[in-house]
Amino acid sequence: MKTLETEVLIIGSGAGGAVTAATLARAGRSVLVVEEGPWIDPDAVEPFSLDEMVLKYRHQGASAALGTPGIAYAEGRCVGGSTEINSGLYHRLPEELADEWRRTYRIAEFTPEVLDKYSDLVENELSVSKLPGAPPPSSAVLERGAAKLGWRAVEFARVFRYDHQGRGVKQTMARTLVPRAVEAGAQILAECRISRLLKRDDRIVGARAERTLPGGETEPVTIIAEHVFVCGGAIQTPTLLQHSGIRAQIGNGLKFHPTIKVAARFPQAYDHGDVPMHRVTEFSPFLTIGGSASRRGHVALALADSGGDYADALAAWEDVVVYYAAIRSDGSGRVTALPGFRAPLVTYRMTDADQSRLARGLLHLGEVLLAAGATELYPSIAGAPVARRAEDLVEWWDAFTPSTANLMTVHLTSTVRMGDDQSRTGADSFGRVWGFRNLRINDASLLPDAPGVNPQAAIMTIAARNADEFLSHL
Amino acid sequence: MLWLERQVVASLSGDVRPQHRLAIEGYVDGVLRAMPELLRIGVAGESIVLGAGTWLAARLGSRRLLSERLEGWEHSRIGPIRQYVRLLSSLVIFASEELAPDPQALDPSQPSAAAAGANGRG
Ligand SMILES: Cc1cc2nc3c(=O)[nH]c(=O)nc-3n(C[C@H](O)[C@H](O)[C@H](O)COP(=O)(O)OP(=O)(O)OC[C@H]3O[C@@H](n4cnc5c(N)ncnc54)[C@H](O)[C@@H]3O)c2cc1C
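Those sequence lines, one after another, are chains F and A. The numbering used here applies: residue 1 is where the first sequence begins, and numbers increase by one. The numbering used here applies: residue 475 is where the second sequence begins, and numbers increase by one.
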């Protein structure tokens with residue numbers, strides 16, 4: 001069996017792992033990043049394509065939380081993690097929410113000054129910016145519809161670098177912090193899955209892994225480490241901890257932003273290469289309205305989700321764009337590792353309030369799209385009628401039930417909540433797992449609740465803060 | 475892929491060219507293999523039960539086409555049966571559209587759909 005040694009082992013190379021790796025490597029620590037997925041050139045596959053799903057998504061995108069309704073979800077599985085497949089939308093953690101988390105979970109050093117300092121660092125490092133020119137028509141729809149209704153809408157910044165001609169390149173972790181960590185001396189071991197952490201008393205002494213070799217065969221690897229950061233994301237991190245026998249407050253409290261879609265047909269063709277960057281924020285933080293990837297396959301899927309006859313709309317797919325309503329949910333879920341299975345059982349229970357909030361969100365989404373000039377709306381509710389006028393939307397209210405609504409999410413958080421209130425959290429204020437001196441979490445799992453906005457900004461900010469705090473103890 | 479899954483994919487992908495059908499089938503097969511084990515077990519269980527029912531009905535002389543059965547399952551009162559049809563049809567729909575032969579692919583003077591999509595990001 002192959003054995004590797006390192007001072008710091010980082011498991012996962014996504015938003016949390018890459019920030020941690022770059023921070024620690026630049027500080028001169030010896031860092032080994034182990035990533036289960038492959039290392040794929042960020043330019044190798046088209047964004048939002050089927051190839052991207054096959055190569056970069058965990059389970060090729062076919063994951064779902066069981067519940068009524070079930071909720072499909074997605075995670076990245078490649079060097080760079082979900083930042084390779086996400087839309088790059090960036091929104092700082094709202095200050096009121098950070099304050100609420102600080103008080104409820106007793107999180108030390110979680111003031112606006114501290115968070116702003118690390119957000120500034122992340123934003124400079126990743127060139128977070130807004131579009132230099134006018135938004136594409138699919139995005140302007142949201143602004144226009146909201147303006148007609150007197151609602152607030154804003155353009156979100158993105159983790160994008162724009163050149164002088166306005167062409168943007170998403171600054172994924174595989175394009176930015178992973179290579180920068182390598183430049184600073186970190187090593188990356190891709191296609192290597194950590195299956196179990198090795199414990200001795202209150203320390204983790206290393207990890208057991210399985211590495212996939214170029215021919216497809218696998219080899220067992222043992223990694224000896226002085227410090228371990230688990231950054232596998234909100235589903236995989238608790239799974240690994242539970243498989244390693246670490247269970248206290250681990251895996252419960254999973255939070256989603258449950259999301260429902262509408263395919264909107266317009267009288268003319270729209271752009272389909274990118275996602276809209278505008279959001280209707282009138283009902284934030286409990287409800288957000290935005291736009292999704294709308295390649296031909298996505299349009300077809302969204303149309304089919306309405307369960308009716310959509311052949312005519314599909315034939316004119318270039319006139320159709322997919323939008324969504326997403327909520328901050330009062331419900332929660334659980335990740336449970338099952339002996340003998342790699343993938344955990346994931347369950348999620350939406351409350352009645354969540355369901356009516358989402359149904360209301362769907363109606364608001366319909367209103368804004370009709371106000372912006374959409375001529376036909378196909379909601380992701382089996383059997384719901386196509387809406388052509390505002391009066392038609394009321395029928396969606398009754399059609400929305402747990403068994404007819406087709407829901408999904410790409411925002412997963414809160415399975416190892418952070419804070420000094422040990423009765424509610426799995427890790428301390430800086431991500432150190434209770435009961436272990438050298439085991440830390442540094443990813444989406446730490447967020448004590450769903451942020452109500454796109455989460456990567458909060459994840460990276462908190463990861464940078466925690467990595468700095470770790471360094472201060474060495 | 476199990477017997478019924480193959481039949482369902484063939485039925486849902488409709489009248490497409492054999493190569494396109496093979497590509498769709500290959501994609502669906504890949505996703506079913508990649509699914510979380512527990513979900514795959516559930517889907518396989520349904521394929522076996524529904525497949526056995528379909529096979530038996532045919533042996534007993536039923537003339538109901540698979541497409542008609544699928545329509546019934548899609549509106550079944552049993553959630554997992556509805557979800558079974560939804561899963562397979564979502565995979566087939568996405569693959570049929572995304573793997574559709576590109577009509578411009580043979581014309582080198584035209585930018586391909588792929589390049590247009592990538593440029594659209596900027
Ligand atoms: C399709 C999609 C679109 C999104 N759009 C946005 C957006 O526009 N804006 C936004 O803010 N957020 C967005 N998100 C969410 C955001 O990308 C994630 O919240 C964020 O990347 C999570 O960071 P993380 O470090 O927790 O996990 P990830 O970034 O998912 O990284 C975890 C990594 O750990 C690896 N790993 C897991 N377990 C192991 C193991 N046992 N051994 C080795 N490696 C392991 C995984 O393979 C993965 O690469 C989107 C997500 C998706 C899926």
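These aren't lab readings, by the way, just hints derived from the structure by calculation. Don't take each hint at face value.
Examples of chain F residues toward chain A, derived with CB under 10 Å [unchecked claim]: (1) S49; (2) L50; (3) D51; (4) G61; (5) A74; (6) L301; (7) L338; (8) A382; (9) N406; (10) T409; (11) G435; (12) F436.
What follows is a set of in silico ranges between Cβ atoms, one per label pair, in the way DEER data are often shown [to be verified]: (13) F:D51 x A:E511: 21 to 31 Å; (14) A:R537 x F:W39: 45 to 55 Å; (15) F:D392 x A:L534: 51 to 61 Å; (16) F:E96 x A:R491: 33 to 43 Å; (17) F:G308 x A:L534: 16 to 26 Å.
What the simulated footprint calls covered on chain A by chain F, stretch by stretch (three residues with Cβ under 8 Å from a Cβ of chain F suffice, anywhere in the stretch; the number is not a length) [to be verified]: (18) 477–489; (19) 511–523.
Idealized CB from N, CA, C, for every residue including glycine.
Verification of the hints:
1. Because the beta carbon of S49 (chain F) sits about 7 Å from the nearest beta carbon in chain A, less than 10 Å, this interface hint is met.
2. At its closest, the beta carbon of L50 (chain F) sits 4 Å from a beta carbon of chain A; the interface hint therefore holds under the 10 Å criterion.
3. Interface hint status for D51 (chain F): upheld, as the beta-carbon distance to the closest one in chain A is roughly 9 Å, under 10 Å.
4. Because the smallest distance between the Cβ of G61 (chain F) and any Cβ of chain A comes to about 7 Å, under 10 Å, the interface hint for this residue holds.
5. Hint status for A74 (chain F): violated, given a least beta-carbon distance of 12 Å to chain A, over 10 Å.
6. Because the closest C-beta pair between L301 (chain F) and chain A is about 5 Å apart, less than 10 Å, the hint holds.
7. Interface restraint check: L338 (chain F) against chain A, minimum CB-CB distance 7 Å, threshold 10 Å, status holds.
8. The closest approach between the C-beta of A382 (chain F) and any C-beta of chain A is roughly 8 Å, which is under the 10 Å cut-off, so the hint is satisfied.
9. For N406 (chain F), the interface hint holds, the least distance from its beta-carbon to any beta-carbon of chain A being 7 Å, beneath 10 Å.
10. Annotation: interface hint on T409 (chain F) violated; nearest CB of chain A at approximately 16 Å, more than 10 Å.
11. This hint is violated: G435 (chain F) has a C-beta 29 Å from the nearest C-beta of chain A, more than the 10 Å allowed.
12. Taking 10 Å as the C-beta cut-off, the interface hint given for F436 (chain F) is violated, the closest approach to chain A being about 28 Å.
13. Distance hint for D51 (chain F) and E511 (chain A): a CB-CB separation of about 24 Å, consistent with the stated range 21 to 31 Å.
14. The supplied range of 45 to 55 Å is met by R537 (chain A) and W39 (chain F), whose beta-carbon atoms lie about 54 Å from each other.
15. Checking the proposed 51 to 61 Å range against D392 (chain F) and L534 (chain A) shows it is violated: the Cβ atoms sit about 45 Å from each other.
16. With their beta carbons about 56 Å apart, E96 (chain F) and R491 (chain A) fall outside the hinted range of 33 to 43 Å.
17. The beta-carbon spacing between G308 (chain F) and L534 (chain A), approximately 33 Å, falls outside the hinted interval of 16 to 26 Å.
18. Remark: the segment 477–489 of chain A is not confirmed as covered by chain F, as 0 of its residues place a Cβ nearer than 8 Å to a Cβ of that chain, below the required three.
19. Check on the segment 511–523 of chain A: 3 of its residues sit with their Cβ under 8 Å from a Cβ of chain F, so the three-residue criterion for coverage holds.
Comparing the model with each earlier hint shows violations of hints 5, 10, 11, 12, 15, 16, 17 and 18; every other hint is respected.
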